[in-house]
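Colleague: Sequence:
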Amino acid sequence: MVKRSERWRSRDDEAHARRTSIGDVVRAAAAPGWSELVVRRAQVGSYAVTSVIRDGREIAVEGVDEPFRRLREVSYRPGVGTWFTCELAFAPHGRGYTGRVDACAPPLADVPPAAALAELTTFPREDTPGWLLDALPTAVPLTAPTTYGDHYDRWREHRGRHPLPPIDGDLVYVPAAVMTARVFDHGVERGQHLWHLAEKDAAGADALVISAYEQKYWIGRDGARGIGEGVRSLSLDGAVLRLELTSKAADELRTETLYEVRLDLPPESIDRLRAAVPDMFRLVDDAPELIGF
27 MVKRSERWRS RDDEAHARRT SIGDVVRAAA APGWSELVVR RAQVGSYAVT SVIRDGREIA
87 VEGVDEPFRR LREVSYRPGV GTWFTCELAF APHGRGYTGR VDACAPPLAD VPPAAALAEL
147 TTFPREDTPG WLLDALPTAV PLTAPTTYGD HYDRWREHRG RHPLPPIDGD LVYVPAAVMT
207 ARVFDHGVER GQHLWHLAEK DAAGADALVI SAYEQKYWIG RDGARGIGEG VRSLSLDGAV
267 LRLELTSKAA DELRTETLYE VRLDLPPESI DRLRAAVPDM FRLVDDAPEL IGF
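My numbering puts the first residue of the sequence shown at 27, with every later residue one more than the last.
Honestly, the hints are just simulated from the structure, not real lab data. Don't take every hint at face value.
Unchecked claim - Calculated lysine to any residue pairs in the SDA-like style (CA-CA distance at most 25 Å, straight line):
no., residue 1, residue 2
1, Lys-274, His-119
2, Lys-226, Leu-284
3, Lys-274, Gly-213
4, Lys-242, Gly-256
5, Lys-274, Ala-301
6, Lys-274, Gly-217
7, Lys-274, Thr-164
8, Lys-274, Arg-298
9, Lys-242, Phe-307
10, Lys-274, Tyr-73
11, Lys-274, Trp-60
To be verified - Using C-beta positions, here's what the derived DEER-type ranges look like:
no., residue 1, residue 2, range
12, Pro-189, Asp-91, 22 to 28 Å
13, Tyr-239, Asp-290, 24 to 30 Å
14, Asp-153, Gly-213, 19 to 25 Å
All C-beta atoms in this analysis are idealised placements derived from N, C-alpha and C, irrespective of residue type, glycine included.
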């Protein structure tokens, strides 16, 4: 499960982490041998109904209430609202998911009046669906301060704009499994090792950066959050570099747990890489296992 102490760069980063944590919970609850897991969450206010379907049959799962609650919060848009229905589908192999969210259609056949009131109190919206208005009691919603994820909004001007979590439409997450590196740079400055592998020498190109300084290392991908732990092994097999990652590290890098870098490089560049990696991890605490170097 995602810990509350985690830090993300944006609402979208946290929303992604919540969805993958839901996937981890339902995978752990499902008996082995399944081919598809589908989670459907319908929620109005604090009233929620969750179903988890394993290959066409519903199973009991606990532990998804908190990530779904927070997912609704970080998805909220002032004056627009948040989703009422979220469906996520997970496959047995890989960290990806597909799904859909809906912020308009009625999520439940019957909505308790107290839930409708709580929804418009905590997630006020200017265009309220008719079914939600019909479910309201006679009391008028009291608009509460909406501060869900406001710290992300304050950072947006400083750290660049990130997409907002969707509240309507399809959800598709396909983690990266492979990249081809045609550019390689390596250097050491003031004791800090840095090497850079990129698809091409251009801004925005798919890239992998690894650095190490004293007892710490850091690995990052272009457009993804970097990690300082969670790399189980680095292996070099001919012209292929493989990273074996924990699930958490893979989710932060937006990759599968086995990430492959195909080295379309001159032999001398691969030899430089083979020599540089053991040296840069020599003093690192909890260094990944090095294979083939």
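Colleague: It remains to establish, for every hint, whether it holds in the given structure.
Modeller: Hints, one by one, checked against the model:
1. Lys-274 - His-119: Distance of about 15 Å is within 25 Å: holds.
2. Lys-226 - Leu-284: holds (22 Å)
3. Lys-274 - Gly-213: Cα-Cα ~29 Å, so violated.
4. Lys-242 - Gly-256: Holds - the C-alpha atoms of Gly-256 and Lys-242 are around 12 Å apart, at most 25 Å.
5. Lys-274 - Ala-301: Outside the cut-off at roughly 29 Å; violated.
6. Lys-274 - Gly-217: Violated: Lys-274 and Gly-217 sit about 29 Å apart, past 25 Å.
7. Lys-274 - Thr-164: Violated, at roughly 46 Å.
8. Lys-274 - Arg-298: violated (30 Å)
9. Lys-242 - Phe-307: holds (9 Å)
10. Lys-274 - Tyr-73: Measuring from Cα to Cα gives roughly 30 Å; hence the hint is violated.
11. Lys-274 - Trp-60: holds (22 Å)
12. Pro-189 - Asp-91: 22 to 28 Å: Roughly 26 Å apart at Cβ, these two residues keep to the hinted range, so it holds.
13. Tyr-239 - Asp-290: 24 to 30 Å: holds (29 Å)
14. Asp-153 - Gly-213: 19 to 25 Å: violated (55 Å)
The structure fails to meet hints 3, 5, 6, 7, 8, 10 and 14 from the earlier list, while all remaining hints are met.
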